[in-house]
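Colleague: Sequence:
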Amino acid sequence: MDIRLLAYAFVGLFIGISMFVGGLLLFKRKRLIENIPTSKVRSIAMGLVEIFGKVMPTEGVLLKSPFSNKDCLYYKYQIQEYRSSGKSGRWVTIKHDEKRLRFYLKDDTGKVLVDSEGAKVDIKRDFAYDTALGQKIPDNITRFLDKSKIRYKGVFGFKKSMRFRESFIEPLDKLYILGTADDNPFVKDASTTAGVEDVIIHKGSNIYYISDRSEKEMLKSFKWKIMAGLLGGGLLIVGCLFVILLYLGVY
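The sequence shown maps to residues 559 to 809 in our numbering.
If you're looking for bench data, these hints aren't it; they were derived computationally from the structure. Just so you know, not all the hints are guaranteed correct.
[To be verified] Straight-line alpha carbon distances no greater than 30 angstroms define the calculated DSSO-like cross-link-like pairs of lysine-lysine that follow:
| hint | residue 1 | residue 2 |
| --- | --- | --- |
| 1 | K588 | K682 |
| 2 | K628 | K717 |
| 3 | K783 | K634 |
| 4 | K783 | K588 |
| 5 | K761 | K774 |
| 6 | K634 | K778 |
| 7 | K598 | K588 |
| 8 | K682 | K783 |
| 9 | K634 | K678 |
| 10 | K732 | K628 |
| 11 | K628 | K653 |
| 12 | K774 | K586 |
| 13 | K761 | K586 |
| 14 | K705 | K694 |
| 15 | K732 | K657 |
| 16 | K711 | K628 |
[As the list claims (entries may be wrong)] Here are the simulated distance ranges between beta carbons:
| hint | residue 1 | residue 2 | range |
| --- | --- | --- | --- |
| 17 | A686 | R648 | 12 to 22 angstroms |
| 18 | D731 | I802 | 39 to 49 angstroms |
| 19 | D756 | T651 | 33 to 43 angstroms |
| 20 | L730 | Y640 | 29 to 39 angstroms |
| 21 | M614 | D704 | 31 to 41 angstroms |
| 22 | L691 | P743 | 47 to 57 angstroms |
| 23 | R709 | G580 | 33 to 43 angstroms |
| 24 | N764 | L563 | 38 to 48 angstroms |
| 25 | R683 | D704 | 16 to 26 angstroms |
| 26 | V579 | Y805 | 21 to 31 angstroms |
| 27 | L799 | D756 | 46 to 56 angstroms |
| 28 | Y710 | K622 | 16 to 26 angstroms |
Positions of the beta carbon are idealized from the N, C-alpha and C atoms, including for glycine.
Input sequences plus hints: build the corresponding full structure.
Modeller: See below:
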């Protein structure tokens, strides 16, 4: 048996294990979401809670998303460049980052302060752009690239093959949040809005998950990802182990 096939089997085994473990972790998250009832802001209890509502800025302070220049409370972006090597090529991430501000989540009973630091933020993609021959790169993107000192022109001045992805949370967006309710350390601060409860949602010692989808949509999505991870990962593990054992002469 070709030694390269053995190497591929070990790589496949690692990928299969990663998929299987990811499926198990997602199954655990799904069960947790199913078992915790959604709380109204007014009736939040300390500890792990599930809430749903609209995003409100704290003091009118907002971020600007780098590519689409949208007012937001959170954004993340990724820049990739296509790099060729011989007859093949691949997309390489050359820069990615995220920024966030604290915000309020408001429902029909009140609003609560949210610090998203440390959260798994699972939101839809809001902006996507791929460079194309003869097409001008949007000004917002070129300004960001120039400021970040990222070259977007290659040999003879031609644009490189690049793609840009961006997601953000805007004011009035609806969010599902699974996080820890705790005493608000900012309640005595002079900038605190009067009447806001002495509670903050943050990372704590539990899972911290933020999504722009409803609970029903999330659970449906989790179902297919769990099946793909457990079934696909399991089959990949079995197949790769068979190849490895075959190479070692066990079969």
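Colleague: The structure should be examined with respect to each hint, and the outcome stated for every one.
Modeller: Verification of the supplied hints:
1. Taken as a hint, the K588 and K682 pair is honoured in the structure, with Cα atoms around 19 angstroms apart against an allowance of 30 angstroms.
2. Straight-line distance between C-alpha atoms of K628 and K717 comes to about 26 angstroms, which keeps the hinted pair within the 30 angstroms bound.
3. Under the criterion of a C-alpha separation no larger than 30 angstroms, the hint pairing K783 with K634 is consistent with the structure, at around 23 angstroms.
4. Proposed proximity of K783 and K588 is supported: the alpha carbons are some 11 angstroms apart, at most 30 angstroms.
5. A threshold of 30 angstroms between alpha carbons decides the hint, and for K761 with K774 the separation of about 23 angstroms falls inside it, so the pair holds.
6. Of the supplied pair hints, the one linking K634 and K778 holds, its CA atoms being roughly 25 angstroms apart against a limit of 30 angstroms.
7. A C-alpha spacing of about 21 angstroms is found between K598 and K588, which places the hinted pair at or below 30 angstroms, so the restraint holds.
8. Note on K682 and K783: the hinted pairing holds, with a Cα-Cα distance of about 16 angstroms set against a maximum of 30 angstroms.
9. Distance check on the hinted pair: K634 and K678 sit about 12 angstroms apart at the alpha-carbon level, within 30 angstroms; holds.
10. Restraint check for K732 and K628: satisfied, since their Cα atoms lie roughly 16 angstroms apart, inside the 30 angstroms limit.
11. The straight-line distance between the Cα atoms of K628 and K653 is roughly 20 angstroms, inside the 30 angstroms bound, and the hint therefore holds.
12. The suggested pairing of K774 with K586 holds, with an alpha-carbon distance near 16 angstroms, which does not exceed 30 angstroms.
13. Between the alpha carbons of K761 and K586 the distance comes to roughly 18 angstroms, so the proposed pair stays at or under 30 angstroms and holds.
14. With a CA separation close to 18 angstroms, the supplied pair K705 and K694 stays within the 30 angstroms bound.
15. For the suggested pair K732 and K657, the alpha carbons sit about 19 angstroms apart, so the restraint of at most 30 angstroms is met.
16. Pair hint K711 plus K628 holds up; C-alpha atoms about 26 angstroms apart against a cutoff of 30 angstroms.
17. Taken as a hint, the range 12 to 22 angstroms holds for the pair A686 and R648, whose Cβ atoms sit roughly 19 angstroms apart.
18. Distance hint for D731 and I802: a CB-CB separation of about 48 angstroms, consistent with the stated range 39 to 49 angstroms.
19. Checked against the hint of 33 to 43 angstroms, the pair D756 and T651 passes, with Cβ atoms roughly 41 angstroms apart.
20. In this structure, L730 and Y640 meet the distance hint of 29 to 39 angstroms, their C-beta atoms being roughly 37 angstroms apart.
21. For the pair M614 and D704, the supplied restraint of 31 to 41 angstroms holds, since their beta-carbon distance comes to about 34 angstroms.
22. A beta carbon spacing of about 53 angstroms between L691 and P743 agrees with the range 47 to 57 angstroms that was offered as a hint.
23. As the Cβ distance of R709 to G580 is approximately 35 angstroms, the hint placing it in 33 to 43 angstroms holds.
24. Under the hint 38 to 48 angstroms, the C-beta atoms of N764 and L563, about 44 angstroms apart, fit the expected range.
25. The given range of 16 to 26 angstroms is respected by R683 and D704, whose C-beta atoms sit roughly 24 angstroms from each other.
26. At about 25 angstroms, the beta-carbon gap between V579 and Y805 stays in the expected band of 21 to 31 angstroms.
27. For L799 and D756, the Cβ-Cβ distance of about 55 angstroms falls inside the hinted range of 46 to 56 angstroms, so the restraint holds.
28. Judged by the Cβ atoms, the range 16 to 26 angstroms given for Y710 and K622 holds: they are separated by roughly 20 angstroms.
Hint violations for this structure: none, all hints satisfied.
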